[in-house]
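*Asks:* Below, each chain spelled out in residue letters.
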Amino acid sequence: GAVVSQHPSWVICKSGTSVKIECRSLDFQATTMFWYRQFPKQSLMLMATSNEGSKATYEQGVEKDKFLINHASLTLSTLTVTSAHPEDSSFYICSAREVLTGELFFGEGSRLTVL
Amino acid sequence: QQQVKQSPQSLIVQKGGISIINCAYENTAFDYFPWYQQFPGKGPALLIAIRPDVSEKKEGRFTISFNKSAKQFSLHIMDSQPGDSATYFCAGRGEYGGATNKLIFGTGTLLAVQP
Numbered sequence: 003g004a005v006v007s008q009h010p011s012w013v014i015c016k017s018g019t020s021v022k023i024e025c026r027s028l029d030f031q032a033t034t035m036f037w038y039r040q041f042p043k044q045s046l047m048l049m050a051t052s053n054e055g056s057k058a059t060y061e062q063g064v065e066k067d068k069f070l071i072n073h074a075s076l077t078l079s080t081l082t083v084t085s086a087h088p089e090d091s092s093f094y095i096c097s098a099r100e101v102l103t104g105e106l107f108f109g110e111g112s113r114l115t116v117l
Numbered sequence: 189q190q191q192v193k194q195s196p197q198s199l200i201v202q203k204g205g206i207s208i209i210n211c212a213y214e215n216t217a218f219d220y221f222p223w224y225q226q227f228p229g230k231g232p233a234l235l236i237a238i239r240p241d242v243s244e245k246k247e248g249r250f251t252i253s254f255n256k257s258a259k260q261f262s263l264h265i266m267d268s269q270p271g272d273s274a275t276y277f278c279a280g281r282g283e284y285g286g287a288t289n290k291l292i293f294g295t296g297t298l299l300a301v302q303p
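Protein chains in written order, with this note's numbering: chain A, 3 to 117; chain B, 189 to 303.
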């Protein structure tokens with residue numbers, strides 16, 4: 003099946019710093035990617051929809067200035083957590099929608115810990 | 189309108205038994221209902237999916253039963269194995285290309301299959 007790669011898989015940072023997470027579709031093109039956040043023992047909550055070449059669409063309650071999303075190419079979307087705080091510690095997961103089939107493929111997730 | 193309710197929250201099944209997880213949705217615009225399996229520290233992986241024009245889909249030991257009128261669907265895992273122990277999420281998605289084409293996840297079910 004198609005592969006979606008996330009990097010880094012885990013990151014620890016100090017409070018107040020910014021962290022960038024990359025989501026790449028390795029063997030297919032994705033005009034749309036989705037970013038989810040998952041707290042321990044909870045479900046995946048959609049944060050935003052990332053569209054190639056245009057601004058991301060954020061879900062209600064998600065601060066767009068805090069979670070910056072860039073989808074510069076058909077295979078790469080990035081999520082930057084700006085001025086991270088301990089409450090931003092979570093598991094961030096991306097998914098990419100294959101252009102031809104509409105199938106969704108998920109990355110392995112990125113564990114962010116803010117000290 | 190966007191909720192997908194899932195039950196039970198956790199489930200313990202003996203090896204060889206049948207695991208049953210239920211989901212109910214509200215949004216009648218959903219036209220694709222996947223089930224995902226997630227192991228700790230990993231992203232979700234597509235297990236099986238169904239569209240509302242069929243009432244049942246079977247793939248190996250996994251079966252989805254779908255009741256469109258009741259807006260409910262369920263996952264049956266036959267001959268459950270310890271390796272099936274994971275968290276399972278149901279989801280609903282709007283029509284591909286439509287304005288509501290986002291994947292909305294259920295709350296998750298933690299399955300433990302005892303040897």
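Heads up, some of the hints might be wrong.
[Claimed, not checked] Below, simulated DSS-like cross-link-like pairs (lysine-lysine); rule was C-alpha separation at most 25 Å, straight line: (1) B:Lys-203 - A:Lys-57; (2) B:Lys-246 - A:Lys-43; (3) B:Lys-193 - A:Lys-22; (4) B:Lys-203 - A:Lys-43; (5) A:Lys-43 - A:Lys-57; (6) A:Lys-43 - B:Lys-256; (7) B:Lys-290 - A:Lys-68; (8) B:Lys-230 - A:Lys-16; (9) B:Lys-290 - A:Lys-22.
[Unchecked claim] Short derived list, chain B residues pointing at chain A, Cβ under 10 Å: (10) Gln-194; (11) Tyr-220; (12) Gln-226; (13) Ala-233; (14) Ile-236; (15) Phe-254; (16) Lys-256; (17) Ala-258; (18) Lys-259; (19) Ala-274; (20) Phe-293; (21) Thr-295; (22) Gly-296.
Worth flagging that the hints you see were computed from the coordinates, not collected in a lab. This structure is a prediction, so every number in the text was calculated from the model and none was measured. In this text, a Cβ means the ideal position worked out from N, Cα and C, and glycines have one as well.
*Asks:* Are the hints correct? Go through all of them and say.
*Replies:* The hints, checked one at a time:
Of the pairs offered as hints, the one joining Lys-203 (chain B) and Lys-57 (chain A) is violated, with about 49 Å between alpha carbons and a cut-off of 25 Å exceeded. The straight-line distance between the Cα atoms of Lys-246 (chain B) and Lys-43 (chain A) is roughly 28 Å, outside the 25 Å bound, and the hint therefore fails. Under the criterion of a C-alpha separation no larger than 25 Å, the hint pairing Lys-193 (chain B) with Lys-22 (chain A) is inconsistent with the structure, at around 32 Å. Restraint check for Lys-203 (chain B) and Lys-43 (chain A): the C-alpha separation of about 24 Å stays at or below 25 Å, so the hint holds.
Annotation: proposed proximity of Lys-43 (chain A) to Lys-57 (chain A) is violated, straight-line Cα distance about 31 Å (limit 25 Å). In summary, the hint linking Lys-43 (chain A) to Lys-256 (chain B) is not supported, as the alpha carbons are separated by about 29 Å, beyond the 25 Å threshold. Of the supplied pair hints, the one linking Lys-290 (chain B) and Lys-68 (chain A) holds, its CA atoms being roughly 22 Å apart against a limit of 25 Å. Pair hint Lys-230 (chain B) plus Lys-16 (chain A) holds up; C-alpha atoms about 24 Å apart against a cutoff of 25 Å.
Of the supplied pair hints, the one linking Lys-290 (chain B) and Lys-22 (chain A) holds, its CA atoms being roughly 24 Å apart against a limit of 25 Å. The criterion of a C-beta within 10 Å of any C-beta in chain A is met by Gln-194 (chain B), whose closest approach is roughly 8 Å, and the hint holds. Annotation: Tyr-220 (chain B) was flagged as interfacial toward chain A, and the flag holds, the nearest CB pair being 9 Å apart, inside 10 Å. Using the Cβ-Cβ criterion of 10 Å, the hint placing Gln-226 (chain B) at the interface with chain A is satisfied: the shortest such distance is roughly 9 Å.
The interface hint given for Ala-233 (chain B) is met, as the beta carbon of that residue sits about 7 Å from the closest beta carbon of chain A, less than 10 Å. Here the hint on Ile-236 (chain B) is broken, as its CB sits about 13 Å from the closest CB of chain A, past 10 Å. Here the hint on Phe-254 (chain B) is broken, as its CB sits about 19 Å from the closest CB of chain A, past 10 Å. Evaluation of the Lys-256 (chain B) hint against chain A yields a violated restraint, the C-beta minimum of about 21 Å exceeding 10 Å.
Checking Ala-258 (chain B) against chain A by beta carbon gives a least distance of about 22 Å; that is not within 10 Å, so the hint is violated. Given hint, Lys-259 (chain B) at the interface with chain A, is violated; its Cβ is 19 Å from that chain's nearest Cβ, farther than 10 Å. A distance limit of 10 Å between C-beta atoms decides the matter here; for Ala-274 (chain B) the minimum to chain A is near 13 Å, and the interface restraint is violated. Interface restraint check: Phe-293 (chain B) against chain A, minimum CB-CB distance 5 Å, threshold 10 Å, status holds.
Interface hint at Thr-295 (chain B): satisfied, since its Cβ lies 5 Å from the closest Cβ of chain A, which is below the 10 Å cut-off. Hint status for Gly-296 (chain B): holds, given a least beta-carbon distance of 5 Å to chain A, under 10 Å.
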